[in-house]
Structure formats: C-alpha cells, structure tokens
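**Q** Starting from the known structure of chain A, arrange chain B on it as the hints suggest.
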Amino acid sequence: MIEIQDVTKHFGDVTALNHVDTQIDEGCIFGLVGTNGAGKSTLLRVAAGVLKPEEGSVKVDGTPVWEEPQAKEKICFLADTGWFFPNASANTMRDYYAIVYPGFDRARFDELIGKFDLDPKRKLSGFSKGMRKQVAVLLGLCANTKYLFCDETFDGLDPVMRQAVKSLFASELLNREFTPVIASHSLREIEDICDHVGLLHKGGVLFAKDLDEMKLGIHKLQCVLRSPQQEEELLSGLTVLQHEKRGSLLTIVARGEREAVSAKVQEKEPLFFELLPLTLEEIFISETEVAGYDIKNLIF
Amino acid sequence: MTSRISFFKLTINEWKKLGWLTALQALLFAMVIPLRLLLPLALEKRIKARSLTDVLCENVGFDKTLTTVTIVAMGILCALAVFSYLHSRKRLDFYYSLAIRRDTLFLVKYTAGTLTFVIPFLANQALAVLVGVLYGVMSAAVVQEMASASLLGILFFLTSYSAAAVAVLLTGKTLTSVLAIGTLSVYLPLIWLVVCGCQQIFLPTLLPDGVTYLGGAYRLYMTSRRLMLERSSPWIMILAWSPDGAAVRQGLTGMWPDLGSICLFLVLPVIMTSLCLVLCRVRKTEAAGKALAFRWTEGLIKILLAVPVALFIGMAVYEELDSVVWEICFVAAFGALTCVIMEFIYRWDIRQVLAHKWHIIVTLALSLAIFLFFRFDLAGVNTYIPEKEELAAMSVRRSYSDFCYYDDDGKRTKNEQDILRLLETDKVGLLYPLAEDGVRNVQENDFEGDYVSLNVEYRLKSGRMVFRSYTVKSDLYNKAQRELMKDEEYRRRYYPILSWDETQLEKVEEIWVLLPQELWEMFAQEEPATTGNDAEKTDDADGLAESISDDEKMTDGWEYSEWEYAEYSGSGVMTGMTLTEEAGRRLIRAYQEDLAESDGLLTDSGSEGSMSIEWRRELNDPYNVDRYLLRKDFTRTMEVLREAYMEGAAREKDMRG
Numbered sequence: 001m002i003e004i005q006d007v008t009k010h011f012g013d014v015t016a017l018n019h020v021d022t023q024i025d026e027g028c029i030f031g032l033v034g035t036n037g038a039g040k041s042t043l044l045r046v047a048a049g050v051l052k053p054e055e056g057s058v059k060v061d062g063t064p065v066w067e068e069p070q071a072k073e074k075i076c077f078l079a080d081t082g083w084f085f086p087n088a089s090a091n092t093m094r095d096y097y098a099i100v101y102p103g104f105d106r107a108r109f110d111e112l113i114g115k116f117d118l119d120p121k122r123k124l125s126g127f128s129k130g131m132r133k134q135v136a137v138l139l140g141l142c143a144n145t146k147y148l149f150c151d152e153t154f155d156g157l158d159p160v161m162r163q164a165v166k167s168l169f170a171s172e173l174l175n176r177e178f179t180p181v182i183a184s185h186s187l188r189e190i191e192d193i194c195d196h197v198g199l200l201h202k203g204g205v206l207f208a209k210d211l212d213e214m215k216l217g218i219h220k221l222q223c224v225l226r227s228p229q230q231e232e233e234l235l236s237g238l239t240v241l242q243h244e245k246r247g248s249l250l251t252i253v254a255r256g257e258r259e260a261v262s263a264k265v266q267e268k269e270p271l272f273f274e275l276l277p278l279t280l281e282e283i284f285i286s287e288t289e290v291a292g293y294d295i296k297n298l299i300f
Numbered sequence: 301m302t303s304r305i306s307f308f309k310l311t312i313n314e315w316k317k318l319g320w321l322t323a324l325q326a327l328l329f330a331m332v333i334p335l336r337l338l339l340p341l342a343l344e345k346r347i348k349a350r351s352l353t354d355v356l357c358e359n360v361g362f363d364k365t366l367t368t369v370t371i372v373a374m375g376i377l378c379a380l381a382v383f384s385y386l387h388s389r390k391r392l393d394f395y396y397s398l399a400i401r402r403d404t405l406f407l408v409k410y411t412a413g414t415l416t417f418v419i420p421f422l423a424n425q426a427l428a429v430l431v432g433v434l435y436g437v438m439s440a441a442v443v444q445e446m447a448s449a450s451l452l453g454i455l456f457f458l459t460s461y462s463a464a465a466v467a468v469l470l471t472g473k474t475l476t477s478v479l480a481i482g483t484l485s486v487y488l489p490l491i492w493l494v495v496c497g498c499q500q501i502f503l504p505t506l507l508p509d510g511v512t513y514l515g516g517a518y519r520l521y522m523t524s525r526r527l528m529l530e531r532s533s534p535w536i537m538i539l540a541w542s543p544d545g546a547a548v549r550q551g552l553t554g555m556w557p558d559l560g561s562i563c564l565f566l567v568l569p570v571i572m573t574s575l576c577l578v579l580c581r582v583r584k585t586e587a588a589g590k591a592l593a594f595r596w597t598e599g600l601i602k603i604l605l606a607v608p609v610a611l612f613i614g615m616a617v618y619e620e621l622d623s624v625v626w627e628i629c630f631v632a633a634f635g636a637l638t639c640v641i642m643e644f645i646y647r648w649d650i651r652q653v654l655a656h657k658w659h660i661i662v663t664l665a666l667s668l669a670i671f672l673f674f675r676f677d678l679a680g681v682n683t684y685i686p687e688k689e690e691l692a693a694m695s696v697r698r699s700y701s702d703f704c705y706y707d708d709d710g711k712r713t714k715n716e717q718d719i720l721r722l723l724e725t726d727k728v729g730l731l732y733p734l735a736e737d738g739v740r741n742v743q744e745n746d747f748e749g750d751y752v753s754l755n756v757e758y759r760l761k762s763g764r765m766v767f768r769s770y771t772v773k774s775d776l777y778n779k780a781q782r783e784l785m786k787d788e789e790y791r792r793r794y795y796p797i798l799s800w801d802e803t804q805l806e807k808v809e810e811i812w813v814l815l816p817q818e819l820w821e822m823f824a825q826e827e828p829a830t831t832g833n834d835a836e837k838t839d840d841a842d843g844l845a846e847s848i849s850d851d852e853k854m855t856d857g858w859e860y861s862e863w864e865y866a867e868y869s870g871s872g873v874m875t876g877m878t879l880t881e882e883a884g885r886r887l888i889r890a891y892q893e894d895l896a897e898s899d900g901l902l903t904d905s906g907s908e909g910s911m912s913i914e915w916r917r918e919l920n921d922p923y924n925v926d927r928y929l930l931r932k933d934f935t936r937t938m939e940v941l942r943e944a945y946m947e948g949a950a951r952e953k954d955m956r957g
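Quick mapping for you: the protein sequence lines, in order, are chains A and B. According to the working numbering, the first sequence holds residues 1 to 300 in order. According to the working numbering, the second sequence holds residues 301 to 957 in order.
It should be emphasised that the hints constitute simulated quantities derived from the structure, not laboratory data. Only a predicted model underlies this, so the values are computations on that prediction, with no experimental measurement involved. Among the hints, erroneous ones may be present.
Said to hold, decoys possible - Here are some, though not all, of the chain A residues that point toward chain B, as calculated from beta-carbon distances under 8 Å:
no. : residue
1   : Gly62
2   : Trp66
3   : Pro69
4   : Lys72
5   : Phe85
6   : Tyr96
A virtual CB, placed ideally from N, CA and C, is assigned to each residue, including glycine.
Looking at chain B on its own, in the form it has when it is part of the complex:
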C-alpha cells in the first residue's frame, strides 16, 4: 500500500528546512566558481599578459581541484546534516510514526539534500558562463564543457553524499559517523601497508608480481599509490580522478573524461544509494544515540581495526629493535589499546572500556598469530627451494637491470615474471647454487662482501612455476652468468640490443649518455678541431641554440641532436651528452660488437656509465627507454663517444668564434 503523503510536497518542504545548507553551498560555490573566474579575468584584462580564453579555461571545466574538493566536502556535510535524523530518538519518533515507509522517507531526505547542492551549484556555473560572456570569451565549446563538467560534478556529489550516507546509516551518532568516514577513507591503505610491510620485511624472497626496481619496492609503491589514491574509498576516487590527458584548454581541444570514469561515477552512487535503502530497512530505530547502528558490528569493526594497527606497530618495532620480546609486547599493547579506545568511542564511558574482554583476547590472539607467523616465516616461504631433480628450467635476472624486453608487438614487458620466463635455461646445475646461496643468506642474515640481488624463476617438471628474490654473493653470480653467456642464443635473449638491426635503429629517436667525469676529462685533453661550417657565431645564448638547431636540422632527421656536456651532475660524478643520429647509430653498433665479445657481465658498480636509448615503434606510439651499462673496456664504444665529444666541442668552438 502506498502512502497518501505527497513525495513531491514533502521533499520540497524538507528542502526548505535545509535552507541554511543551500545558502552555505551557494556562498562556497560562488567563491570557487564565478568569483574565481571573475577576478583573474578582470586582472588579465588590465595587464594583458595572456589571452582571456586561457584564463577562462584554467578556471572552468573539468579537473578543477578546488571545485572538486568543495564538492566532496559538501557531499559529506550534506549527508551528515540531512540524515542526522537517524541519530536522534526524538526525530525518529516523529518521522517513523508518519504514514510513510522509512525507505521512502530516506529518499525524500536524500532528494532534498541533493537539491541543496544542485541548485546553488548549477546557479553558480550559470553565473560563471555569464561572467565569461561579459568578458566576451565564452564559446559554445566551453559552455558545452562546463555543462558536462557540471553533470560530472553532480555525479561526484552524489558519490560523496551517498558514501557518507552509508557511514551515517551504519552509525548512531554524528561523531562516530565522522570517524566512520575517516576510517573508510584510510582503512584500505592501512591494510595495504600492513600486507606489503609483512611481505617486504618478513618474506623478502617472495617475488611480487611486476617487480622492476629496488627489489620490487618501487613497483609496489606504484601499485600502492594507485590503490591508495584511486581505489581505497569513494572520496579518494573522486579526488584522484583526472580526465585522461586533459589539458588546460579542454573546451577548445576537445578533451573529455573517458567513458569508464563517467560510468564508474554513475554506478557508484546507484550502488551506495541501494545499499542505503537496504540499511534503512534493516536498521533498528533504537540504534539512534548508539555509536554503531548494528550491535554485531561492534566487535568485528574493533578487531578489524585493532589487528592491522597492532601488526603495523609490530613491524615498526621489528625494524627498529629486532627483538622478539619487545615486538610481542608492542603488538599486544597496541592491539589492546586500540580495543580500549574503540570501546570508549562505543560507550563513551571510561569505566566500560574493558567491557568486552573477549574482543581484546581475540585481537591479541589474531595479531600475535599473524605477526609471529610472518615473523618466523612459519610457512617456510623464504627457505623453500625445489629439489634439483624436480626442476625443468631456471632463470635469473639482476633486480636492478634496466634494459627492457618487448613482445612481438613492440609492447614493453613490464612483468618481472614474464621477463624471467623469457630468460629460462635448462642449465639448472649452473643456477641452482645461486638459489641455495640465497636461501642460506636469508637464514643467516649475514652479508659481508659483495652481493647482488637476483630474481629467480623455477620451472618444475610438473609445470608449476615458483618465483623468488634472493641476495647472492657476487662472485657466484658472475661465475654462473659468464658460463651462461657463452651460449650466444642466451646472450641475445638476455641483451635484446644484440638483436637490433637497421630496422630497429631507424626507430631510435634519441640517445643520451652518462659517463664518469674522469672519462670526459680524458677526452677533453685532446684539442678539438673546428668543424669549418658556416654557422653564425654569436655570444647570445638564444642565437647559439638556434644556430646549433639549424645546423643539426640540415644534417640529420632527428629534431634536435644538440650536444651538451656537464648537463648532468646530479651525483657530482657523472656527466652526460646527447648524440647526433649518426653518432648514435655508430654507438649502438660499436656497443653490440663490444658486448658480443665481452664476458657478458654488465654490473652497475657506479664506475661505469650508461646509455639510454629512446625509441618508439610507430610515430604515435609512446616512447620506450632502454638503459644499458657502459664499460671502460668497451673500446669501440669509447672511441665513438670520444669522436662524438670532439665533434661537439669543435662545433661549440666554431660558434663561440
């Protein structure tokens, strides 16, 4: 049976009662939309430093951080204000006695709250258009973008608003609603920190998916950053959102949010509002005034928060003290303390903080069990090594290797496990001692001498793959690697540059080289001859750059091949230069020859240099950058570099006159 109460009339009445919220938002959005546009437009009109269209596009449209932050904040504030009736017994007695279902009442309130945002927000967007028109810079494209950005803003609001409404429905007090919103925002990053921390601190041999740098930490950081910023909560998803490739002048360049983002922000409010309606039905009236609306969640939430906090503290103490006794003490203390704080938030009564002792007991038991499980590697992850007889193939790769591997489509293979598959060899007897040494080192944790970090793949005869990351003695690794490099086919797989032909060389866009200062100084002892060309000689910096540019454009197909030295001195040791096309090709050919004749060991000791090769498969493809180490004993390579240096020095001498 439907209610005879008019949904429309009730909504309008509820909205009128929220007049203060509408006024507040009208004021805030006036400041962040039309006023923020008006002031710089007025300023630019006077000083005429930039075009007014640029100023317009900088202040309206997609991806305006201040507007987005305000929308998110207003979504939370609206939810707290509009649904505060759920936290008041007086108001629930009044509203729930009315002849209207409680989910319908929720929708009435939800719609009224939405109106408090939509009306002032759209009104201020319209004012911004008016401001643009007054200054004669508004175009149809910009108006269209502003309309789309307004719709996206409404979706952002609904996402933030409905997510906060879920928090309000799950709690019985405004204070705990605010805490719930905060907790929902940081919980996933906290869990991620604990999981990654456990893995990196206690299971250093476990090779995570997609390791590229720093033994996996960098890759994990990148993953975590995406996780934390883009996935951990609806609010952060909004704040982390950015239109793909958007520029300042979206309205004119036609850059729009991708369809996936729009669908995501369409679906999220629907899901969360549906969840709200379900919660409305199951939520008890008597939940008003209690910390949490569902009593059974009290213990669960307490434990789910206290356990990661205790583990996090335990890991921090492990890193600082490395003492089992202290670690156990801190894990137990912080687990219990978190439980006590949570109980205080629930009851708001210091005498009842120990009311649910079993929560503390479960928290301590779980925290200590998980902590000790990882702390002592009870699963044997670090010490596991397959029997030699079980292995069909193995592969190893240094963790810090930066040269890249590509699939048949020219797409870079970023996943470390895929790369290790490319480097498999059946010479298990050569690589197995490395694994044994790695396991031994993890157990003994005593690293004296030179060690290298290796990623290892075991392919078992059963077809199972196991991946590990070890720290191994350098001489062991070098010995095994030298043996493997005797196989030319393996060497070509390990160093893809050895297979580069003329076709590949044509794809190279730029090469830049970093060498120790001492090598440059050695080159510099020779007096460079002049080039003899007619480049204009000038002391003016701009003229110099221009003359080089024109000169280079005449001689090669690369946009710029200006050489420069001493441009890189980040460490104070390395110096770099960018090569011309011809010199670059000569360098790669020389490097191929040197590498093919060498023992095949490229170790980044810091005393050698490196060359970075930037290339792309097709004109519109993204750039790939491969980095290869340079060795002093690569004589052909060094000769090419010397020549390139001398050419550059001669050209500069010519220009300086």
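Excised from the complex, chain A in its bound form:
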C-alpha cells in the first residue's frame, strides 16, 4: 500500500501539492486524473522518491520512500518525459534495467518486444513516439516491481496498443503482486483501464474512490411524468445530483441504490422511464459538483 500523508510541495512560489492525503491500495489499477498543472506528475515524482516534499511523507508498504532503496526497489517510475540513453536500443535499455532492477525479467522482455513487433536492436531515437512509449511500458512491466508509476504513459498509444497494454496489466495483476498507478489528464484514456480513480485539482486530491462503487451509487434516469407536481415530488424524493428538463423529458442524476431509485420513479407511474449507463465523465461531474466544484471548468 502506498500512503501519501499530508504531502506539500512547492516550486518557488507555486504550490504544486497542497497537503495531499490519499492512499493507493495494493492490487488495484489506480488512475490519477486532473488538468494540466493539477499536480499529477509532481505527486508521482514525490511518490517515486524523485522529489522531496517540504511537508508530509510518502510510505511504500510502511517504509518512507525518500532516499530509501528498500522502498524504492518496489517502484518503477515511467516519467511523462521518458528518457533513454543516447544511441540506446531496446536491448541496451534492457541490459541497463537488468542492472538497476534486480528482478528484471529479460526473457519476458524479449518475448514481449517480439510480440509488439519492435526491433530490439534498432536505435530508440529512430522510433516513433508511440513505439518509444511501448518500449517504456514493456521495460516497466518487466522490471517486476510491485508498483508501476506511469505518468501520461498512454498518451500516444493507439487504441489497439492501449488494449494490449491493458491486457498485460491484467495478466500481471493475476500472476503477481502488481499495482499500477496511471496519471493522465484525460478521463477517457484511463476509463477502460483503472478501477480506482483519484481526482487532483490545484495540488489537492478532491477524492479517490473505487470506480464501480461510484457507478453503483449514482444513476442517470430519464422519464416523462404526468404533471409538474409529480416531477417536484420525484425530485424531492431522490438525492438528486443533477437534473434537466427538455420538453416533457426529465433527466436526473441521483445518488442511491438502483432498485430504490427505480422504485421511486415507478411510484409516479411515469409515461416513459429508463435507467441509462453513466460515463466516467458524468460520474465525475456529479461527484465534483457535490464537492462544490464545477468539473466542466476543471477537466473538460
């Protein structure tokens, strides 16, 4: 488990992280979302032991990460500005990773690099941005560390590759202790990968929750009722996060159990009623509006 406790980090006059408190449980795929400048990269760099926070601490399995090899050997950090040695090939990087990550699986790397159809002897400087990202992810996965921090790593990956990486992550989750932490500015990019999500804004974590739990607790419904009075009664009877009326069609996002919400609507004998699936964006809009933020200004 990674415990981030009251972490504050300044860059000159800018507060990049402001008393951040959160934790990342083992075995989940944790998505860290937020706008550019929200502090995602800084949080990952602090968690990886690259930056020292002015206040607070980050612990990996109970051990502070700062200048502590015992904690850091459980982490592989793939920075947004991924760096390879000049003139290095995938094989060169593999050899280096084998030295700096004692658990590095060379055979698996060689196998995966073949499956991804990447030339291991070709200079990485000659690769496309997406191909370099693939090499970086493969190096990170084969490092066999318990935690893998990916900062904007999926930018530049095409949907097929993203799906392939997702499969690899799933496979790792099944076969060993593995907790990837993925930072991205786009909800859509990590929606189909992560099961836990934390939202960062202006250096603070607005919330961090299990995605399924969020989906189970929030519902979007559309209905047509017989009178405005019934509509008023329905809105007051539900824990409404959002509602909108277009013509006679009333759209409501409400918190609560699926059955309970459905029953409340059925009580009003609607002319039309259906429950719609919620996108991650809509869940975030609802959650952040409850928290007092206008999410449309935060992310989209």
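**A** Showing chain B alone in chain A's frame:
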C-alpha cells in the same frame, strides 16, 4: 538499508556509456605523451645533436606543461559531461527513481568519469615507456619517475574533476557551470586586485607587511602573483605547481615533488568530493534547468561579484579622472550593470533583468559605501599620527634602500616592519616632524620640490606599534638623518656594512660595481701599464677568456674575477665591472672608512654609482646580495676603483698584445 543494485556493474555500465569521452582522451593523451616523445626521439636519432636520454627526460616525467594543461582541461570536460545528468529533469526523473541513494549514484558516476581518464592516460604512459624501450633509452629511474608522474597526474585530474563537479552541483545548467568554473578561477585575484588597489590608491600611508621596493608595490605584486597563481583556485594551483628545483633530467637526478605538494593534491580531491556528496544530499531535484542550484545563492553571488567589479571600475575612474561625481556614477552604473547581466544569466529573459531590485539596491549601497569609505579615508588611516608624548621610539627608512639586514643566523630580514624595529631610536623629536610633513603632504597632495619616500615606525609607550609610509621633503629627511648619523651606534645599525670584519669579508663571493660613464672616462684618461705576466696573447675571444680565467685562478680564490667594462649600459649612462677578490676587499675597507667619515646620507640621485656585494654564509647557503650607493666624494673608494680599472685595462692590453 543498502541498495541491491551492484555498484561495480552500474559503474562499468556507466563507463561504457561514456565511451566517447574515453576515446577522446585516449586520442589527446596519445598526442601529448607517446607521440610527443616518439617524434623528437626519431629526429634526434637521425641528427644526433643531443643524447636520446636528454630528449626522453624532456618529454616524460614531472612538470610537463602540455600534459598538465590537458589533464586540467579533461578534468573539467569530464565533470561537465559526467554530471550533466544533474542539469536534466528527464535524466533526474530516471536516475532518482532508481533504488539507489543519490550520493551513491554520484559516486558511481564519479568513478565512471575517473575511469574515462585513468585508462587512456595510463595506457599512453605505458606506450611512452614502450617508445623509450624501443629506442633503448629507458632506464629504471625514468620508469619510476614516469610511474610517479602518472600518479601525480591522476591526482591533478581528480583535483580538477572534483572542483568542476562542485561547480556543476552548485548550478543547474551547463552554461552556468562553465561560467561558475571561470568565476571560481578569477574571483580571488579580482578580490585581491580590489583590496590592493584600495590600499595603494586610497591608503598610500598604510605600510603593508614586507615592503621592499617601490613603496610596497613590488612586494605586493610578488605576494599577489603567488596568491593568483598558486592559491586562487584548484585549477590554477595545478597549473602553477612545479616540482621544487626540478631539472630536465629528474629521473636521473632524482628530483621529486615535495611531500607537501603531494599531500595537498591528495587532500584537495578528498575535500571537494566530500563537499560534492554533501551537496548531492541537499541539492533539490528541481534545481535542474535553473541557473543556480540553490536559490538563496542567487542574490549572494550577484552581490559578491557586482561589488568588487563596481569598486574596480571606481578605482580605475579615480586614477583617470579624479572626479567624485564621475566616480560615483561609474561605481553605481557598473554595480547595477553587473547585477542586470547576472540576472539575465539567471533567468535568460531580458524582461526579468530588473526582477530583484533589492539586489541592485544592496549592491549599490555596499559598493558606494566601501568606495567612499576608502576614497575619503573615513577611518583616518592616512592622517593618523600618534601624539608625540605617547611615543617611546620611532624609526624611519627610505623605501628604496637596498642594503640588507640579517638576523643572527645570517638569514636576510625581508620584512620591512622587522627592519624598522632594528632601526628604532628614542630621538623622537628628530623624526616626528617627518611624520607631520608626511601627513600634511597626503592631505594637500601637492608635491613641488624634492621628496623622498619613507617608511616610518611608531612605538607607543603602551607597546603598540604603528607603521606608515610617507612622502616627505628631502631637506627635512636629510637634516634629521644627519643628526641621527652622528650617533655611531645608530650609523652601524643603519649601515650593516660598517660592522663587517675580516670574517665577513671571507664570505664575499663577488662584487660588481656600476658607475656613471663619466667616472670611467676619467679613469681611462690615464694610460694603463702592462702587467708583465705571461698570459697567452691571442685575438681569439675564447682564448682571451680562457687566459684571463687561468690567470685569475692563479692569483685568487674566487672562481672568476674577470674584469670587464661597458658590460652594463642598460640606461646608457652607467657602466660596470666585476672586481678581483683583493680589489673587492680593498674596496669594502675603503668604503667603510668613507662611509664612517661622511655625513651618513646615501641618496640614490642617479648620479652616483652602486656596488653590489654577493656573499653567502656557508658554501651551500643561497647567495645574499647587498647593494650600497657610491658617492664621488668617497675618495678612498674611488681610488680603489681607479686602481682596479687600471689593472684590468693593463691586463687586457697585455692579452691583446
């Protein structure tokens, strides 16, 4: 908890990545070590002008400037290349996320960088040995010296490398690293220039320690040269280093660097590498890409550089214009300009050059305060003169006096303050007017007529000593000095030659005399007689010198006493000659008598001559050279010189036949 990452494997991997640096150094050292030896050996083998051993010893071993310069340059280049990861956020994100402490990572890089030097350097030294062996000139002594010189070369490299690493750690960009190395190299000389400049320009009466010539400037120059060349930065310390008394053939003559130098170059890298490790721990990752690694140093460095620059300019303007308004304007302008340039280097943004106005304000305030403090002598250094009643003793000495004083061990007293202590007199009433005149002259700065430069010592009744340097009217000084010279004991202290006895005369090795041309011409009007000896007469120059030499060797114990005239004509006025032993002794005795009977005033007006007496206490001691002024009215002295001249002229006449 230690890292599971293998230090050795990581170091070797890092070294392999620096292959280009190893190759570059291999090429450079091949040119400055084995090739530089091979080419002259090959040439000498053909022309056979000198022995191959000489050629070998000229090109290998200690104190080879080209090799040393290359080592220093490679140390700087290696540090800039190896530690450049500290200036890149991308690379720091990568390296600092590894399970290795950052000081350990630094040591990995440090060792890899050292290997890039050590391997090609030693390989090329070995190649040089091979070249020597191929030409059959290599000996065990030379190999031993080359091995020692190689070890010293490695110490030089580590010194240069670790000093440059400190600069890299203190900065966040390669450009500012280079500027930092340059600044560290010249900062102390700059400070020295400003301090000495302030002292000499604004506090002319302050007598610095160890004044000997030119009112102290020469001594200060010598001190500064040592300071600048030997102490101002690790790089300059290396370049200024030379094995004490080393000759060309060190390997054969057994000359080695002194232990102190070796210890110094052992300790310096250790200190600077330790400093690097400390800096590694406290240096923030986010310093990468910024001009300086520690933000708090920005203002400090700016002010520490801008203030001396402003003062230096202020002094230059004072010397040229002597106008307070212009001086203040220039000090302020250059102080501010330096701040602006520094801010531009920090931010690399012309719009932010005035971002820290308080830096400029502090710089201007400090620069102007220091400048005006010295400019107007607000401490009253120049005008300070103790009350006459407070004084227990005083002494004065002309700044240009060259005759020397020695302690009981025969060691020359070089410190002016020590010499002044030797010349103390309680006749304060005689010397006090000189001090008053000196202070008055400094205040009025109006020098019309004849003046002399004097160094003055005040011994206060409280035991405190005060030393000053004044420019005083000549007649005042002469009057006081004549009175003092009436005291024989004082005169003997003032002119140590008066106390010379036979024992001292035996220590004299050589005397040479410079006299105005007119005096020689006066001597030359007499026709010299022949000496009548049987020296071989020849027109051949070598034969002439040989015959003189043999002749002299028969008559005295000095190695050479060949006389010559017109050998010195630097000014076009003075002419000189070297005396025989007997003539030299007669000259000193005559001089003692003349000086004892004179008024005791020896002034270097340029119309008199001088005699320089070279002597040493023991055979292996260094030479001392005392210089005494000659006066035309020293009749006995002039007579001895005339005789010596006539003897020399007669001898030459004999030889020329």
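**Q** If a hint holds in the structure, say so; if it does not, say that too.
**A** Taking the hints in turn, this is what the structure says about them:
Because the smallest distance between the Cβ of A:Gly62 and any Cβ of chain B comes to about 13 Å, over 8 Å, the interface hint for this residue is violated. For A:Trp66, the shortest C-beta to C-beta distance to chain B is roughly 10 Å, which exceeds 8 Å, and the interface hint is violated. Given hint, A:Pro69 at the interface with chain B, holds; its Cβ is 4 Å from that chain's nearest Cβ, closer than 8 Å. This hint holds: A:Lys72 has a C-beta 4 Å from the nearest C-beta of chain B, less than the 8 Å allowed.
About 6 Å separates the beta-carbon of A:Phe85 from the nearest beta-carbon of chain B, less than 8 Å, and the hint is met. Because the smallest distance between the Cβ of A:Tyr96 and any Cβ of chain B comes to about 6 Å, under 8 Å, the interface hint for this residue holds.
The structure fails hints 1 and 2 (numbered hints given earlier, in ascending order).
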